[in-house]
Amino acid sequence: MKAKSIKGKSPEEISAALTESMTDGFKPTLALVFISVKQDIASMMSIFDRKNIKIFGATSSGEISGADISHEAISVLLMDMNPANFHILIDDYTDSDVVEVSKAMTNHAMTIFQRPSFLLCNSIEKPQDIGIGEKIIKSISEVAGKEVTIWGGGAGDDLMFKETYVFNNATLTNKGILMLVLNEDKVWVKGRAASGMKPMGTEKVISKSEGSWITEIDSQPAADLVMKYMGESLTEEDFRDFNLKNIFLKLMREDGSSIIRATMGFNMDTKGITISGSIKPGDKFRFTLLPDFDVLTEVSENAKQFQETEMPEAEALVMFSCIGRIDAFGPMTSEELQGIQSVYKVPMAGFFSYGEYGRATGGSNEFHNMTCCWVALKEKT
Amino acid sequence: MNPTHQKILDFIEANAGLSEEDKATFLKMVKEADKALTIAEFKLDRTEKVKRTTAILLEETIEELEQKRAAIEQTNEALSKSLEELKAAQAQLIQAEKMASLGELTAGIAHEIQNPLNFVNNFSEVSRELLEEMIEELDMGNPEEVKEIAGNVISNLEKILHHGKRADGIVKGMLMHSRTNKGEKEATDINALVDEYLRLAFHGLRAKDKSFNAKLELDFDDSIGSIEIVPQDIGRVILNLINNAFYAVSEKKKNNSADYAPTVLVSTKKSGDQIHISVQDNGDGISSAITDKIFQPFFTTKPTGEGTGLGLSLSYDIVKAHGGTLRFETQTGKGTSFNIELPINKQ
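Going down the list, the sequences are from chains A and B.
For the first sequence, numbering that gives the first Met the number 0 begins at 0 and goes up steadily by one.
For the second sequence, numbering that gives the first Met the number 0 begins at 0 and goes up steadily by one.
Hints listed in this document are in silico derivations from the structure and should not be mistaken for laboratory results.
Predicted model, so just to flag it, every value in this text is computed and none were measured.
Everything hinted at is true.
When the alpha-carbon atoms are kept at most 27 angstroms apart in a straight line, the in silico DSSO-like pairs for lysine-lysine are as follows: (1) A:Lys270 <-> B:Lys50; (2) B:Lys48 <-> A:Lys270; (3) A:Lys6 <-> B:Lys34; (4) A:Lys227 <-> B:Lys67; (5) A:Lys125 <-> A:Lys270; (6) B:Lys67 <-> A:Lys283; (7) A:Lys26 <-> A:Lys53; (8) A:Lys249 <-> B:Lys48; (9) A:Lys249 <-> B:Lys50; (10) A:Lys8 <-> B:Lys30; (11) A:Lys161 <-> A:Lys270; (12) A:Lys283 <-> B:Lys48; (13) A:Lys344 <-> B:Lys27; (14) A:Lys279 <-> B:Lys67; (15) A:Lys283 <-> A:Lys207; (16) A:Lys249 <-> B:Lys67; (17) B:Lys48 <-> A:Lys197.
Computed list of chain A residues with no C-beta within reach of chain B, every gap over 12 angstroms: (18) Thr110; (19) Gly210; (20) Lys379.
No residue lacks a Cβ here, since even glycine has one placed at the ideal position from N, Cα and C.
Please model the complete structure; the sequences and the hints are all you need to start from.
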């Protein structure tokens with residue numbers, strides 16, 4: 000399989016880059032399109048559809064092309080993968096339960112390939128729904144088994160936290176689940192999830208919660224505690240618009256495992272905070288500190304080790320990185336991307352997401368926050 | 000871009016004197032410097048934020064740990080107080096148990112004291128009569144008769160002294176039994192100790208229940224001699240085991256035909272550097288449902304008011320404190336044997 004990554008600031012630039020990429024006889028069959036919500040998505044769909052290229056598309060909060068990061072732009076990974084080895088499924092959960100839709104799609108995937116693996120994106124019509132990724136992952140694992148391969152991320156919207164989209168050649172939806180179903184017998188799909196978040200301070204107990212809203216922590220108003228943690232002395236008015244993306248909790252689960260969850264917003268009337276994912280009274284967590292800068296080197300070292308032990312060669316790389324990593328690493332964010340791409344030296348594209356999907360080392364398939372999930376693809380000969 | 004870097008950049012670009020190659024080199028250097036500065040500023044800013052958050056969390060953690068420490072200290076104080084109260088209650092219970100067993104001994108002691116008292120009374124009476132006879136003989140001027148009578152009186156007084164001392168010994172033993180234990184070991188004749196408590200227990204039970212009778216079998220090893228023990232403590236253990244054995248056979252007797260012969264066998268034996276004391280009965284044995292409970296404090300099979308439930312528990316502790324073991328073997332319907340093993344202390 001041959002792959003090429005192209006990028007542009009408009010559909011026209013992408014169209015030109017696509018044409019240019021095909022001048023050497025390259026005939027892509029599949030395009031992974033990551034695009035800002037501010038771009039003309041319909042035009043993009045039309046460009047690839049006209050050339051009979053299957054689209055796996057999601058809106059983004061920053062686009063990745065190689066080690067380059069762009070904003071409000073478009074990044075595409077083109078592959079000439081054998082069409083028999085992949086299938087794109089998209090469905091809308093507007094009038095249905097997201098769990099049922101996820102299960103039905105997985106069942107469908109299993110009728111296509113005996114051993115399907117999944118690249119997954121989903122969209123949401125309001126920011127509070129970011130946590131549905133947790134349900135989708137669980138549903139796929141329930142149907143396809145815990146060992147199923149899933150990688151992906153929640154679509155973004157340039158940090159506006161309003162609504163996101165996924166699309167294929169014909170459908171664009173803000174309440175959709177998009178699957179690139181790959182035949183695992185024919186395509187290697189392997190990846191890694193890196194975080195680096197460090198828990199800090201004592202264990203806290205959620206004493207009161209409703210849905211994804213935490214209202215009391217250790218019997219104190221949740222918002223007050225988070226303000227204290229942040230060391231901020233903002234007025235209530237300031238807090239209404241305060242961006243919480245820098246605050247992450249490490250949730251301790253009953254089985255001893257833990258997962259990072261992002262805080263999504265304040266409600267100063269109820270003194271509540273909302274997080275991505277489900278929560279219940281009695282759950283325990285610790286506040287976290289952002290990863291050290293040396294995590295950037297570690298990610299690269301891990302990629303080298305991964306290459307040596309699990310996947311010596313790849314033909315394309317797909318990156319799903321949490322939008323929080325831009326805040327964490329600032330101008331060094333591209334170093335993380337560079338560190339991974341430099342190992343395989345193949346085309347890479349991806350986007351900054353609202354939640355990532357994948358398996359951390361030794362763990363189960365999860366809906367993550369604050370991770371960098373990357374996937375290596377290679378068609379088997 | 001940093002404004003100063005931008006000015007340098009503009010200056011280089013506007014400088015016609017530089018070759019294109021030099022320009023490119025300088026421009027690259029300025030851009031690299033600007034990137035390095037941006038990264039340094041970002042790192043500084045993030046480090047400041049992390050420092051602030053870390054300080055808050057540390058402060059909070061220290062505060063929480065201090066609260067936990069204070070709570071643990073309070074709990075510790077409460078536990079220490081409870082421990083003291085428990086120790087005091089335990090001491091009271093031990094003393095209460097001693098007094099309870101003393102009560103059980105009272106009838107036996109009375110019986111044991113009655114014998115020497117009878118001797119004292121009888122010999123006193125006889126001696127008074129002899130002395131009256133001696134006065135008569137003196138009046139009659141029979142010095143030989145007087146000497147003979149005086150000899151008899153002396154003999155009687157020796158017997159009175161002997162039995163007086165016997166009664167004194169019993170009373171002292173009783174006092175020792177009830178006294179708070181000082182834990183001082185002394186050389187003690189085990190066979191004599193076992194024999195004394197066996198008789199006290201037997202007569203005590205007979206005094207309470209005239210119909211009670213049991214065959215007592217003794218099998219003492221005379222080679223034992225004296226060993227270092229706290230006599231009143233080991234005496235309490237023996238008394239407790241014998242009382243239990245008597246209770247077991249008397250209970251069985253109540254429910255069995257005349258063919259049943261209640262028997263208690265008490266034996267001592269020296270084996271290497273160990274002394275074995277065994278108290279065996281042919282009662283009903285101990286039910287398997289309670290065999291793991293009989294050494295627990297306050298566990299008793301006796302009706303309410305009849306047993307403290309501390310006898311075997313304290314016995315176990317006493318034997319253990321002597322470096323020995325207290326075990327039992329039982330067979331339902333056939334009886335029980337309690338076996339004490341004590342090390343011979345040659346100090």
